[in-house]
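Asks: If you want the building blocks of each chain, they are given just below.
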Amino acid sequence: MEQLITVAGLSVWFGDTRVLTDVDIEFRRGEVTALIGPSGSGKTTLLRSVNRMNDLFSGVRTEGQVTLALGDEAVQAYGNGMDVALLRRTAGMVFQNPNVLPASIRKNFALPLKHVLGLSRDEIDERLEATLRTSSSGMMCAIVWATPR
Amino acid sequence: MRKWRERILVGASWVAAFGVLAVVGVLVVFLVARSAHILGPQLLFGDVPWTRAVFAGARVFDGIWPAVVGTLTLVALSAGIAIPLGLAAGIHVSEYAGPRFKASVTLVVDVLAGIPSIVMGLFGFSMILLLRRTVAQEAKTGLLLAAVCIALLVLPYMIRATQSALAGLPMSIRLLGPSLGMSQTQTLRRVLVPAASRGILSGAILSVGRAAEDTAVIMLTGAVATAGGRGPQDLLGKFEALPFKIFVIAAEHNTAAELDQGFGAALVLLTLTATLFIGAYLLQRSLERRWNN
Numbered sequence: 001m002e003q004l005i006t007v008a009g010l011s012v013w014f015g016d017t018r019v020l021t022d023v024d025i026e027f028r029r030g031e032v033t034a035l036i037g038p039s040g041s042g043k044t045t046l047l048r049s050v051n052r053m054n055d056l057f058s059g060v061r062t063e064g065q066v067t068l069a070l071g072d073e074a075v076q077a078y079g080n081g082m083d084v085a086l087l088r089r090t091a092g093m094v095f096q097n098p099n100v101l102p103a104s105i106r107k108n109f110a111l112p113l114k115h116v117l118g119l120s121r122d123e124i125d126e127r128l129e130a131t132l133r134t135s136s137s138g139m140m141c142a143i144v145w146a147t148p149r
Numbered sequence: 150m151r152k153w154r155e156r157i158l159v160g161a162s163w164v165a166a167f168g169v170l171a172v173v174g175v176l177v178v179f180l181v182a183r184s185a186h187i188l189g190p191q192l193l194f195g196d197v198p199w200t201r202a203v204f205a206g207a208r209v210f211d212g213i214w215p216a217v218v219g220t221l222t223l224v225a226l227s228a229g230i231a232i233p234l235g236l237a238a239g240i241h242v243s244e245y246a247g248p249r250f251k252a253s254v255t256l257v258v259d260v261l262a263g264i265p266s267i268v269m270g271l272f273g274f275s276m277i278l279l280l281r282r283t284v285a286q287e288a289k290t291g292l293l294l295a296a297v298c299i300a301l302l303v304l305p306y307m308i309r310a311t312q313s314a315l316a317g318l319p320m321s322i323r324l325l326g327p328s329l330g331m332s333q334t335q336t337l338r339r340v341l342v343p344a345a346s347r348g349i350l351s352g353a354i355l356s357v358g359r360a361a362e363d364t365a366v367i368m369l370t371g372a373v374a375t376a377g378g379r380g381p382q383d384l385l386g387k388f389e390a391l392p393f394k395i396f397v398i399a400a401e402h403n404t405a406a407e408l409d410q411g412f413g414a415a416l417v418l419l420t421l422t423a424t425l426f427i428g429a430y431l432l433q434r435s436l437e438r439r440w441n442n
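Read top to bottom, the protein sequences are chains Y and V.
Throughout the first sequence, residue numbering follows my numbering, covering 1 to 149 in sequence.
Throughout the second sequence, residue numbering follows my numbering, covering 150 to 442 in sequence.
Note that these hints are calculated values from the structure, not bench results.
One should not assume that every hint holds.
[Stated by the list, open to error] Computed beta-carbon distance windows for the label pairs:
id : chain 1 : residue 1 : chain 2 : residue 2 : range
1  : V       : V260      : Y       : A74       : 52 to 60 Å
2  : V       : F250      : Y       : W13       : 19 to 27 Å
3  : V       : A225      : Y       : T33       : 57 to 65 Å
4  : V       : P319      : Y       : E31       : 28 to 36 Å
5  : V       : L432      : Y       : D72       : 50 to 58 Å
6  : V       : V257      : Y       : A74       : 48 to 56 Å
Where is the CB? At the ideal position from N, CA and C, for every residue including glycine.
Could you build the full structure based on these sequences and the hints that come with them?
Replies: As structure tokens, this is what we get:
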């Protein structure tokens with residue numbers, strides 16, 4: 001199976017605390033990988049290192065390599081000249097606790113589509129509609145509730 | 150014993166809460182009682198018909214209309230300076246500044262917040278003296294100078310409110326924008342500032358209230374007892390303002406009727422600030438509704 005994410009020699013420090021030490025791990029396309037460990041063992045930190053979300057915390061230092069297969073290209077997440085915003089747009093992340101903005105569900109969906117991808121209102125509606133048609137019934141309820149009638 | 154202590158504490162907090170209400174109530178009742186018989190168009194416009202004073206710019210010498218317009222203009226000008234500046238400074242300190250710079254700016258903001266308004270007035274006055282001695286010999290105190298000094302006076306509230314509203318946002322909200330691929334500016338504009346808008350707006354409300362009521366700054370920087378019976382005519386001219394009008398009437402009244410006009414002016418000022426606060430509250434509500442739809 002094709003490698004999707006390769007982590008090599010990854011160490012992450014939060015201030016003086018070393019959270020990850022020399023981690024080597026591979027994630028393959030189409031495979032489900034489960035990370036198991038006690039609270040505070042660095043599972044989230046490892047995930048966040050893939051799209052460099054750790055950088056948003058103050059006092060974080062990262063060493064090692066994270067390689068992502070994006071399309072036909074192998075991209076170094078911590079390489080020089082990496083467009084971090086583009087990396088985060090491509091390597092999406094679902095948080096443990098949903099980070100919903102204090103706004104309607106529709107607005108939550110539309111915000112990144114509008115401002116990050118620059119889609120028009122019609123395109124946004126189209127995508128929402130498409131998501132609606134392919135979603136589970138719970139998700140569908142949520143979107144139907146959020147769509148103005 | 151513990152139960153009693155709790156009851157006393159609850160009782161004391163009720164008394165404190167009602168105390169505030171009672172003080173405001175007594176103040177308003179007192180003002181209304183003293184000025185009830187003169188409340189009406191006469192108080193604002195004297196003998197001039199209100200349509201002529203408001204729309205045709207007729208001069209009003211017996212009413213407080215010029216002072217009302219002066220105060221509103223002053224508030225608009227100083228808020229126009231202080232709110233964008235304070236917002237930008239607050240955002241910078243909270244989001245971009247390094248720890249050292251942040252600490253020094255915080256200290257400066259605290260010092261600025263502690264400056265008595267009379268000192269700020271003196272600062273404006275000495276600025277004019279300096280200008281007269283150097284580049285602009287014709288410089289004199291006026292509306293713009295007063296607005297700048299008032300803006301300096303309320304700037305710390307605005308900076309502090311913005312800074313703490315942004316700093317109080319949970320890390321999960323901060324991660325939200327970047328996790329969607331937003332740039333730092335997009336995150337700030339689309340997620341963080343809207344999420345902190347309630348706190349930022351309360352800073353703006355405080356600033357506007359303070360700008361409307363301050364007397365010490367304007368009496369040294371351009372407010373006069375009578376400015377030709379009209380509201381401010383230009384940015385550099387002298388102007389009338391309600392707090393200064395009240396001060397002048399209280400200090401120099403000759404008759405009881407004049408003093409009553411002072412109480413009326415105080416009630417109008419109170420109503421004016423209350424209206425500004427309500428306006429700001431409605432603005433906040435409509436912003437939140439826009440954010441939701």
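Asks: For each hint, tell me whether it holds in the structure or not.
Replies: Now the hints, each set against the structure:
no. : hint                         : in the structure
1   : V:V260 <-> Y:A74: 52 to 60 Å : holds (54 Å)
2   : V:F250 <-> Y:W13: 19 to 27 Å : holds (24 Å)
3   : V:A225 <-> Y:T33: 57 to 65 Å : holds (60 Å)
4   : V:P319 <-> Y:E31: 28 to 36 Å : holds (33 Å)
5   : V:L432 <-> Y:D72: 50 to 58 Å : holds (51 Å)
6   : V:V257 <-> Y:A74: 48 to 56 Å : holds (49 Å)
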